[in-house]
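Got chain A sorted already, so can you dock chain B onto it with the hints?
Now for the letters of each chain:
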Amino acid sequence: MKPLQNRIADVVKNVPRSGIRDFFELVQGRDDVISLGVGEPDFSAPWHIREAAIYSLEKGQTSYTSNLGLMSLRECIVDYVRDQFAVSYDAGTEVLVTVGVSEALDLVCRALLNPGDEVIYHEPCYVSYNPSIAMAHGVAVSIQTRVEDDFELKAADVEAAITEKSKILLLNFPTNPTGAVEPLSELEKIAELAVKHDLIVVTDEIYSELMYSGDSGMERGKHVSIASLPGMRERTVLLHGFSKAFAMTGFRLGYACAPSVLTEAMMKIHQYSMLCAPIMSQMAAIEALKNGANEMEKMRRAYAQRRNLMLKRFGEMGVPCFAPGGAFYMFPDIRKFGLTSQEFSLRLLEEENVAVVPGNAFGEAGEGCVRACYATAYDQLEIALDRIEAFVGRLQAN
Amino acid sequence: MEALIDLLQKNARLSTREMSERLGKTESEIESALAALIADRTILGFHAVVDPDRVEKTGVSALIEVKLTPEREGGFDRFAQRIAKFDQVTSCYLMSGGYDLTVIVEGDDLREVARFVSDKLSTIDGVVSTATHFQLKVYKQSGFIAADSSTSERLPVTP
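Here the protein sequences line up with chains A and B, keeping their order. Counting along the first sequence from 1, when you hit position 93 you're at 108 in the working numbering, and nothing is skipped either side. Counting along the second sequence from 1, when you hit position 42 you're at 95 in the working numbering, and nothing is skipped either side.
In isolation and in its complexed conformation, chain B is listed as follows:
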């Protein structure tokens, strides 16, 4: 199971046959393991990792540090879940350290993200403060180095 997750995290486009070859399992074993991982929400979804600098449509992405006042019952969970449900929010994490939530937001332009922060995020009860950082350039995303074109020459036959 762990090996299957490992494989999918690197390349979710492998066919069942390819996964069975790599892991030395039958195709039906792979299919049932995969179905179980999806059913119990171990696997939340699949997506392509895209270098935003190479697509025509330009959007903006921002990392927002959010400070919250926790509630007596439930701590940060209710506020965090409320924030996470907004469509603009692509990721949301509870953090240790100087602030409480990291919220990653994507929008068409700077103004859209600014509006989301001022109208939606900062008006939520419990939000004490926000600090918005806009992303300027992607060097590495989800384990993939952007624009990496280095090659190295190996000799074709060595002992």
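So here's chain A without its partners, still in its complex pose:
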């Protein structure tokens, strides 16, 4: 028998191990670690949402649903997207409910890409973008955003990356891992480029509710979806879900809104691979969209308070860190300490028992920074920041 490792498909073999996974294994098994390495809310899903899921089980709702998702959920999604993003979709044909945004991203890549088609995306970015493109036989073309620009995406950089083979432009604002928000003026230029070069825009807006502006970030910042800009609706796949704003990561529920030709193509894959998203999660999501606004805002305010703490403390420590407009991550610049992001994160873990994620886990452009998530209880954050302060104090003394 041939060795089993020779049986693995090349496309899978060539996907590198996740940097996050490596780091996870280092952190696991250590006691007394305060982890700022997570990518999910520390809150449980609000009780009224959990209760809706329990009620749906009590009523015996344990069946499959339509491949597209429950019609009643799709109608709620259409209302919500119209109110929040100022774009209208048809619940019958233009919305696909998926198992998280991750599945939706995989579907859109597989539905649109022929071998060799190029997908332009910006780094540092969520860890699945590059592998999802590669596993769909596409060519991942990354644009490096810069700490000097607060990790905004420059339209000029997008234009420089466009070739004959460019098919998709993949955007994520607010961005995981940086918390960056794209200024409207630049987003408009990017939209014009997409029209000019006839690109499909796939926009992952999973953090769009978690925006901070106004007085000390306590106001909810206004999110503008690229799908709402002129000429964009017909060429945009809007990806969103329930994990971050509603603290529903474990429910695994997301959705894609797009012109029906595209949702139909994505649905062809979804119906054979996933069939449908779990019905109890869909029932919970209906409750979230109908009655979840208040609880969501409470969580957002809690994040805003923690963001203020992080900004103040990093400032006092002399660790450069821009004020992120969204999500729940800080992406401090640690280059002045003369360590790579891996070395910094490893030593911080070993010496002070605080876990952050090395920036290079999110692409080369993340090197020189680390991701510190503030979706952690306030008192734990304070202790973690004290430990980081002690650590960088020692680095500065040397």
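What the hints contain is simulated information worked out from the structure, not anything from laboratory work. C-beta atoms are modelled at their ideal positions from N, C-alpha and C, and glycine is treated no differently. Possibly wrong hints are sitting among the right ones.
Each computed DSSO-like pair below joins lysine-lysine, with the alpha-carbon atoms no more than 30 Å apart [stated by the list, open to error]:
#1 A:Lys237 - B:Lys78
#2 A:Lys313 - B:Lys63
#3 A:Lys327 - B:Lys63
#4 A:Lys237 - B:Lys63
#5 A:Lys28 - A:Lys180
#6 A:Lys305 - B:Lys78
#7 A:Lys74 - B:Lys193
#8 B:Lys173 - A:Lys313
#9 B:Lys193 - A:Lys313
#10 A:Lys180 - A:Lys283
#11 A:Lys305 - B:Lys63
#12 A:Lys305 - A:Lys74
#13 A:Lys313 - B:Lys190
#14 A:Lys327 - B:Lys78
#15 B:Lys193 - A:Lys351
Residues on chain B that point at chain A, a partial pick, calculated with CB under 8 Å [as the list claims (entries may be wrong)]:
#16 Ala56
#17 Arg75
#18 Leu76
#19 Gly77
#20 Lys78
#21 Arg207
#22 Pro209
#23 Thr211
#24 Pro212
Below, chain B alone, put in the same frame as chain A:
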């Protein structure tokens, strides 16, 4: 101001420094805002929220529904204020619906509360009737769930 009230309603023991960190304000801004809220009686007071099942001293608490005859001048206000001034009364609200006032009363024992109702409350002019309900167990008080010990495990590092 609203954010400051929000913060204090959840935890009034935060130091000025902690409040300034959370809200992105200076400590002197917090101090003057707080002084203003106390001065204009937006903030009436601060207290600990206690689970009565976990303290040695056992008292009783009762919710009393009170029906009143309103006065031509002033409606319910004079009677309600008179009732609210009794030391045993911890809260007093004018209600819509089948009765007029909700009066929350605390006492050392059942007899003390009963005496308050018969001697003081029901003898006030304007009180038409009372219905007293004794509290048996606290599940949630002032936004805090009693005896909540549930935990959930998060993975330490996730994308």
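Identify every previously stated hint that the structure contradicts and give their numbers, smallest first. 6, 8 and 15
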